[in-house]
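Single-letter residue listing:
Protein chains: 2
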Amino acid sequence: MPEKILVQADYILAWNEYFEIIIQGEIVIEDSNITYQGPRQERSLESFSRVISGDLVMPGFVNAHTHAAMTLFRGYADDIPLMEWLEKKIWPVEARLKKEDIYWGTLLAICEMIKGGTTCFADMYFHMEEVARACWESGIRASLAQGLIGLDKIKGMTGLKESKSLIQNWHRKGDGRITIMLGPHASYTCPPAYLQKVMKMAEQLDVPIHIHLAETRGEVEECLKVYGKTPVNLVNDLGLFEHDILAAHCVHLSPGEIDLLAEKEVAIAHNPGSNLKLGSGVAPLIDLLKKDALVSLGTDGAASNNNLDMVEEMRLAALLQKGLGEDARAIPAQTALKMATLNGSGALFLDEEVGTLRKGSKADLIIMQLKKPHLFPLHNLLAHLVYSAGSSDVDLVMVNGKVLMEKRKLLTIDEERVLFETQKRALELVKG
Amino acid sequence: MPEKILVQADYILAWNEYFEIIIQGEIVIEDSNITYQGPRQERSLESFSRVISGDLVMPGFVNAHTHAAMTLFRGYADDIPLMEWLEKKIWPVEARLKKEDIYWGTLLAICEMIKGGTTCFADMYFHMEEVARACWESGIRASLAQGLIGLDKIKGMTGLKESKSLIQNWHRKGDGRITIMLGPHASYTCPPAYLQKVMKMAEQLDVPIHIHLAETRGEVEECLKVYGKTPVNLVNDLGLFEHDILAAHCVHLSPGEIDLLAEKEVAIAHNPGSNLKLGSGVAPLIDLLKKDALVSLGTDGAASNNNLDMVEEMRLAALLQKGLGEDARAIPAQTALKMATLNGSGALFLDEEVGTLRKGSKADLIIMQLKKPHLFPLHNLLAHLVYSAGSSDVDLVMVNGKVLMEKRKLLTIDEERVLFETQKRALELVKG
Chain A
1 MPEKILVQAD YILAWNEYFE IIIQGEIVIE DSNITYQGPR QERSLESFSR
51 VISGDLVMPG FVNAHTHAAM TLFRGYADDI PLMEWLEKKI WPVEARLKKE
101 DIYWGTLLAI CEMIKGGTTC FADMYFHMEE VARACWESGI RASLAQGLIG
151 LDKIKGMTGL KESKSLIQNW HRKGDGRITI MLGPHASYTC PPAYLQKVMK
201 MAEQLDVPIH IHLAETRGEV EECLKVYGKT PVNLVNDLGL FEHDILAAHC
251 VHLSPGEIDL LAEKEVAIAH NPGSNLKLGS GVAPLIDLLK KDALVSLGTD
301 GAASNNNLDM VEEMRLAALL QKGLGEDARA IPAQTALKMA TLNGSGALFL
351 DEEVGTLRKG SKADLIIMQL KKPHLFPLHN LLAHLVYSAG SSDVDLVMVN
401 GKVLMEKRKL LTIDEERVLF ETQKRALELV KG
Chain B
1 MPEKILVQAD YILAWNEYFE IIIQGEIVIE DSNITYQGPR QERSLESFSR
51 VISGDLVMPG FVNAHTHAAM TLFRGYADDI PLMEWLEKKI WPVEARLKKE
101 DIYWGTLLAI CEMIKGGTTC FADMYFHMEE VARACWESGI RASLAQGLIG
151 LDKIKGMTGL KESKSLIQNW HRKGDGRITI MLGPHASYTC PPAYLQKVMK
201 MAEQLDVPIH IHLAETRGEV EECLKVYGKT PVNLVNDLGL FEHDILAAHC
251 VHLSPGEIDL LAEKEVAIAH NPGSNLKLGS GVAPLIDLLK KDALVSLGTD
301 GAASNNNLDM VEEMRLAALL QKGLGEDARA IPAQTALKMA TLNGSGALFL
351 DEEVGTLRKG SKADLIIMQL KKPHLFPLHN LLAHLVYSAG SSDVDLVMVN
401 GKVLMEKRKL LTIDEERVLF ETQKRALELV KG
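Chains as they are written, first to last, in my numbering: chain A, 1 to 432; chain B, 1 to 432.
Worth double-checking, as some hints may not be accurate.
So the derived list for chain A, only partly shown, Cβ under 10 Å to chain B, looks like this [claimed, not checked]: (1) 78; (2) 80; (3) 81; (4) 217; (5) 330; (6) 389; (7) 393; (8) 415; (9) 425.
Calculated directly from the structure, the hints in this document are not laboratory data. Given the structure is predicted, the values throughout are model-derived calculations rather than measurements. Note that the Cβ used here is the ideal one computed from N, Cα and C, for glycine as well.
Working from the sequences, and respecting the hints, build out all of it.
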């Protein structure tokens, strides 16, 4: 008999073309799926293995772009520009990372993400078997890509081989929670010939592609100098946009490129916090959404954010566009919330339906506590979620029908051990 | 015998021209003052009425501009522009506010502020006797100003009379925790003749002035049309800047006005969250700081933010300037932290020393919990406070030597009653 859980809540954030609130609703979960969502019904509670109740049930957040194990470098290099940050600080310490460091750093990220209501994330880093293991053990949902650098031919080929074995070993594993993408890092680290190899493999193995695109002004200028084209036009001309593709950042875009990204249905991961913090700029979110582009939200790595807090990211995405465009109507709460949930699941090209709570979708949900001063009084629940809430208001997290956090206590991870291991390893890494 | 408290911490955030970290330090508090701050010493614990320990002790945040009781309208009107927000939504419900509503709404704000580590705030609203009562009862420190509107002669005079009685009844009360300012709302609601009366009273009663200044582009344009001068130049020509003055917002400024504000030592309350959310724009923070202007941080009211979270405000102030100027070095963590603490106390023109923890200053301090995934590993404590922390990491709050919150439980306010009263009153107010 599959496990059957009843979740009852004062409010359910339901999706039906737009978000609506079901008052005094309930959700039935059988195994990993939602089999009922709606008003309370007469039920025999005995048929349930568990009954959970809470203030608000909503879909978990989807963090569409991060480098989880970079938590190890959180706060290690701040207030310096991207290239200096990479070359002088991050790359030297990354070169020292061992498999076990990646495992523990990823677990630290997963601790933080679960505690902040993130139920699914897209990762690009290396030693990805370790990342997959951390996801498998912790119960979170993730789409993983080995970061591929094609500047050195041997290393580039090794990366592709490792990606292939990652797909064979982990794609659709953990009850389908873990999926794999190919991760060519960026157009400035992957020459055209290498990108073509990546595309060929993506087609053969039927997996999506995850890439960094048009993150900084310098990247665009350099690409124009080397190839006579912008990064967006370069990868489009190579045919990259004919594949399922998740493009992170997309900060520096011309109007024509915005049209192109929308038309080619490129999934975009908008990372407003990281783009601000590294001085990269602000993506043209309003224009992208006007053209009906698929825009999801990501935190980027914790070394450039410096946390993995999707509530913050959602708020920042909305506030930034209102302020910069001097238009308070820009990116209303509905839009910000959709980017952080539903659009995220679309951007990860998942087979399963996540990011919404309705019959047939996966039971990836969170319960938020609402009885707190900063969420009172309650005029408008959607506004509270986007403009007032904090990630620490998340009280319970469920992924694929399994409870991963309850009353803010992690159930599948030994949090204390993770803090101990990451502190020890991080200090050793920066000591050199 | 005065109460004597010993606070021991793994880290103390100390000030000595810049922030420095004292490892394994301690603070001695006698009555309301800090009498020792430094490394641990041999002490007889018996001489202390309490010994408190924690991860990090730092100064409480100073919220330099808010309208506390507007918590009642949190989430009531979002995603609409400032003038429509004011005229169609906020002013009609504000007109129905009764004294008791202001009392409870302010208490709700104080609950939220204490829980987020704010130990002192500057408020401008009405029925300020109720606000003073809420501050007096709760133990928080505050500088209060009745919002004065001079468009109607009788109402303008009444406001001044009420301000005078507020000063007589409350200035320097509550062991000096409560101070009063005069609060001419803005140049567009206070004609020149009225501002002159305000200045005269400020001089006679020796209190500072708190005003809104250059918040929106529309305000500046309208002022130019009516007076042939920008708001900054208008109030300067009237002599306002010769007084101790706290000017909120200062978003739309010319280079000459930036020089003027710095030269005249006008204290500025920067409200990045509210300015973004209402579509007002982004203040030229980097230029103001370059000219050595005194810039503090405020949340503005909860109806336009939509919370009173100084950690968020501090982070936003830093990230925004880095991103918009495409310079990751802009507003480093030190600067953001100083704006949220020390500069706030300067901007409120307090007699007492608050915003720093050192011998002789008031014991307004908070303890932050650091053993959390989003604050691990610990490479750089200042970076963590500005870029990674959340207001819910605050574990204990002390104002004027009295503990107001411990283990996140409020000790001087009946939180549950406040939530109940504000929910009831807020719904009645918007029902009309």
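Status of each hint after checking the structure:
1. Nearest Cβ of chain B to the Cβ of residue 78 of chain A: about 5 Å, under the 10 Å cut. The hint holds.
2. A cut of 10 Å between beta carbons decides the hint on residue 80 of chain A: the least distance to chain B is about 6 Å, and the hint holds.
3. Against a cut-off of 10 Å between C-beta atoms, the interface hint on residue 81 of chain A holds, since the closest Cβ of chain B lies about 4 Å away.
4. Checking residue 217 of chain A against chain B: minimum C-beta separation of about 7 Å stays under 10 Å; hint holds.
5. Taking 10 Å as the C-beta cut-off, the interface hint given for residue 330 of chain A holds, the closest approach to chain B being about 7 Å.
6. Taking 10 Å as the C-beta contact cut-off toward chain B, the hint placing residue 389 of chain A at the interface holds, the least distance being around 8 Å.
7. Taking 10 Å as the C-beta contact cut-off toward chain B, the hint placing residue 393 of chain A at the interface holds, the least distance being around 8 Å.
8. Annotation: residue 415 of chain A was flagged as interfacial toward chain B, and the flag holds, the nearest CB pair being 7 Å apart, inside 10 Å.
9. For residue 425 of chain A, the shortest C-beta to C-beta distance to chain B is roughly 8 Å, which falls under 10 Å, so the interface hint holds.
The structure agrees with every numbered hint stated previously.
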